[in-house]
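Asks: Given next are the chains, with one letter for each unit.
There are 2 protein chains.
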Amino acid sequence: MTVPGTTSPRMPARAPSPDLSPTSAHPRALDAESFPPNGQARVLIENVRPEIDAGRYPIKRVLGDRVGIQADVFADGHDVVVAMLRYRRETESEWVEVPMHPLPNDRWEGEFKVVELGRYRYTVLGWVDHFRSWRRDFERRLPAGVDIPVNLLVGAELIEQAAARATAEDAARLRAWADKLRQGTDLDARVHLAISEELLQVMVRYPDRQHVTHYGRELAIVVDPPRARFSTWYELFPRSCAAIPGQHGTFKDCEKQLPRIAEMGFDVLYLPPIHPIGRSFRKGKNNNPTAGPTEPGSPWGIGAVEGGHKAIHPQLGTLEDFLHLIQRARELGIEVAMDIALQCSPDHPYVRDHPEWFRRRPDGTIQYAENPPKKYQDIYPFDFETDHWAPMWEELRSIFLFWIGKGVKLFRVDNPHTKAFAFWEWAITTIKRDHPEVLFLSEAFTRPKVMYALGKLGFSQSYTYFTWRNTSWELERYFTELTQTEVREIFRPNLWPNTPDILPEYLQHGGRAAFIARLILAATLGASYGMYGPAFELGERQPLAPGKEEYINSEKYEIRHWNLDHPDSLQEIITLVNQCRKSNPALQSDEHLVFHPVDNPELVCFSKQTADRSNTILVVVNLDPHHVHTGWVHLKLDQLGIHGGEQYQLHDVISHEFYLWHGARNLVRLDPHIFPAHLFQVRRYVRTERDFDYFF
Amino acid sequence: MTVPGTTSPRMPARAPSPDLSPTSAHPRALDAESFPPNGQARVLIENVRPEIDAGRYPIKRVLGDRVGIQADVFADGHDVVVAMLRYRRETESEWVEVPMHPLPNDRWEGEFKVVELGRYRYTVLGWVDHFRSWRRDFERRLPAGVDIPVNLLVGAELIEQAAARATAEDAARLRAWADKLRQGTDLDARVHLAISEELLQVMVRYPDRQHVTHYGRELAIVVDPPRARFSTWYELFPRSCAAIPGQHGTFKDCEKQLPRIAEMGFDVLYLPPIHPIGRSFRKGKNNNPTAGPTEPGSPWGIGAVEGGHKAIHPQLGTLEDFLHLIQRARELGIEVAMDIALQCSPDHPYVRDHPEWFRRRPDGTIQYAENPPKKYQDIYPFDFETDHWAPMWEELRSIFLFWIGKGVKLFRVDNPHTKAFAFWEWAITTIKRDHPEVLFLSEAFTRPKVMYALGKLGFSQSYTYFTWRNTSWELERYFTELTQTEVREIFRPNLWPNTPDILPEYLQHGGRAAFIARLILAATLGASYGMYGPAFELGERQPLAPGKEEYINSEKYEIRHWNLDHPDSLQEIITLVNQCRKSNPALQSDEHLVFHPVDNPELVCFSKQTADRSNTILVVVNLDPHHVHTGWVHLKLDQLGIHGGEQYQLHDVISHEFYLWHGARNLVRLDPHIFPAHLFQVRRYVRTERDFDYFF
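Line order of the protein sequences matches chains A and B. Just so it is clear: in the first sequence, position 427 is 427 by the numbering used here, and no numbers are missing. Just so it is clear: in the second sequence, position 4 is 4 by the numbering used here, and no numbers are missing.
Accuracy of the hints is not assured; some may be wrong.
Partner residues are not named here, just some residues of chain B that face chain A (Cβ under 10 angstroms, in silico) [stated by the list, open to error]:
id	residue
1	43
2	74
3	367
Source of the hints: derived by calculation from the structure; they are not laboratory data. Virtual Cβ for every residue (Gly too), placed ideally from N, Cα, C.
Construct the entire structure; sequences and hints are all you get.
Replies: Here is the structure:
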């Protein structure tokens, strides 16, 4: 790993400066006094999709994605219309054009591939194609045989006009054809030429774009690395990694766990904040407002005499140790994600150096942070309404740039919804301009509109309500919203069955089967998912108190020692599930998620498929961790590309059982005490009896 | 009637010039180099509805309508947000503000009433309310009793700041209250004041709007006269109104029919073009490409030596006769609608005076107009791609202005979809600026996107596909799209069971029951409907040829003589139906149309209701004109505001039968040979046994 030097928080000037505005020419309704700029432009372009909030926000894609764009493009009357999709990298001024093809009802579709990180722009153009209109009408009129000579003259005129726009070589050919259309005694030959494919193919290269209509808005795309779409996260506290119980773990201890985490199939290791922890109002065990002298405090109580967000908590090791951890992880295919929590312990240097960034009450005190019903007595919030917001923004952004300079590419941002929206848009947009490979995970557990807004403003991934969605109705409704509506353009779900903050009720009471069910759901409903690892692997399920969803003896407030070799560990199952995710591209995207009805609501059934249908995964989960459930599954065969009469094979990648199914309706029985889920690869019957393996 | 003088086609200058642009400040994504203009503005405003194509087009309302606006308005964190709706007449610069009230999920709603014709604008603002946030948190913290004195100081500071924005009187009160909060030994009294309603009521008058967020787009409304929403059209050819068969009818003859038309309950009399008819390529009987010397030709072959679109066909009478007809009609509550067809017979003065407005072929000829599969050999289209489009637009608009100057307020525009979109937007917008009472009916029978675009561009009403929607599935699907989606904001349906161009198959084969069924459907599904009168009243049903949907011996090409007193005339039923429309406000709007399931697809059932539910109409139609059908209707009682257990009364306004229904499920039997429909007034049970009439 190379560790580049610290990047200056102020961007160097560059030309051309990328224009991040949604559009330079928003279409305007007519001014009553004046004519429109081009009254001869006859095409209307409407309803371009995807388009987020009239182009105010970009859509999200990853490297190599095909971007499909649709639009309504039509003209008055009955002339033939051409619709053209245009795209470019935002830093380039030249457009690439892709012809769109017509769908029913004046809808057009085109697509292109994004092959570089960073921002792209796209828009749509349209115009009336006089040659094709003429050609179509000419063909229609041929059987009646009227006016053929004059119509040939009209065609010749259009060809002549195209010649004026053509290369010298094509112009010569076109002029020769125009001449042939105009004269000659062999009318049949002239007609034949007029409607010939050869002529058409040259003509379409030189369209008359005099009266072209521009959609007006140039819509943006943010292209991220593939990890933005498909990632498998493991969270642990380095301070709990010591070999000897009770000792404060270090980055070096943490490094020793990397091979195990890599073998389980994780590709992101997410660490809670690694900065010095404040002493004032430090939290004790189980969120006690006062800590004993040896208690370590919460890693989110950031900042002490040792430094703030750019420093490292001394007990974890040195900056070099941290960089070594990053390097070692990367060698194992794991990226380290840092937790950035923009808040300060009362001991943070910012509190002393920048009192203007905190809101003081009339008695000189600062109100501690709250995220109702949670109280953070050890934390001061920044005042995003301060008149000194601009220098504060610069400094807060510089925290990310500092760590990016050290080689960090992933940030999990703590409670971004309690910081100003405008800050995030500015910070993420400007950081990604120079570092398009950097990703931001939003840890916003808040109202849906706010969560989606953070996605629009720039966060690459987000935590979701998955943590609390347990019934088949809840899962279908929520994941249909996330994956089958416009939400999918701006919000990439990252599914967590647990976090250090959240031990859901379902896990508290459902035993091992509940953990397995939630693992399978997270890993298959979400192309990205993560777990608060040790606690999940070991089935940790005791809450702080009955009715609470916090862990007792939470690692947030104390050092824990985990017996990761415990025989009940879920490590083996996690490994199998993650292997399945790696070997099945269908699970690496949320785009083609389909829920299939089951006549027993305790069973949920859904499928994922690659766009080319070469890989199909079918999942059935028994959501009741206590009882055996049986149900008839009704597969939507048309959506899977399976013909009604066809036999198809299901291979359970966990149990290695094979099933032959036929038709839409099939029976499933799941005993949670054996295993609460089927994770099927679906293979269609494609070979003859002479082959050994009939399915692919 | 007063006949104002001709209005100049060029609008007089006025100040302030109305700004018809959708927005003066489209929100822009961040420029990478610079900070946003106000980094302290914490509110986001999204998803304002209604909003058509990002504000590119206005929504439509009529005088007196309440306009309900919704938006997502939210801030980061947990502070209290205020959302404010703003509106103004477009010609005024001062906004009127209406506080919005919160709905679930960060959605807000507000409404206002439009009380003047012309254009309005609306937009949304939002800001964080620090006083209300403080007050809420203070109340929440009270039970714990911590930090009360310092929190009172914080409140006092906010009150002091509001005082600086207040009137002198309120400022004095606020300052006195701030002082009380700060000091005094009676803590309870200070707390009581802090959370008092009295203080809050003064504080909300002086919000801190320093960091307000503007939605950015100012969206437009076109406010039309009520007739735009509710109108009943009757079409006839004045030339067929002569008392003596074979004679060419006149405006004077037409005038004699006005009392009969008024008695039937029509409020619009629509006349096909009344201009001089060309001689060249004049059409003969039944669309014969050649006419005999005495044949009258098609009124749509406009223009002859006698003049063009501003002249009157001499055989119909004089301009004075026409103006007299308008005046007499208005006295009877009928508005005369003119047909404007922007096309020319080869004899039109425009063809001679403005050859540059027509596209000539290389042999000097002009291609006649087509609207596939129809051919109009007697008509030249204007070339909307001419380089001389601007003066042509001015002249074409001047046709409307000429007739507006004569007192005409309604125009039925022939085939607007074969003229340039941009022309219509410019012409209608500029005409309505000075004549907001003028309405335009779009006769566009074409693809759905084009029909809706014409509505967006300015047409007040439009013909629809009703003419061909016959089954219950078709009717429910189409009218749900028209009335329950965004379409209703920009497209006002006008339903026609027939036109001189269209004799639908259903009418050809269904006998009298078919005519009655289509009449009831048109008159109740559409707040606006019309009929090509004499042919409909008399059940004219013979097509040009089997499989064609044109009339034989169509009035388009010849003079007809109608025996309007025929005993089979539908006049009496039409009168009853129109009376029902007039006396039931539920039928005067399409907003609250609900379809109710019936277990027999040959029966269609739907209801209309006023917004306040004081008037409810329930319609059941047997769509099979040949057989008796029986079916169970399942009323959506919740949508009708009827409680499940309640008894309710149905009064058939045609048969005057009364029914008592109970619950959602009720049986209907309709014999088309008696009457194919029920047209029920629904009355809920509200009185006691002591009253005579239990329902209202």
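Asks: None of the hints should be skipped; say for each whether it holds.
Replies: Right, here's what the structure says about each hint:
1. 43: holds (8 angstroms)
2. 74: With a minimum Cβ separation of about 6 angstroms from chain A (threshold 10 angstroms), the hint on residue 74/B holds.
3. 367: Holds, about 8 angstroms.
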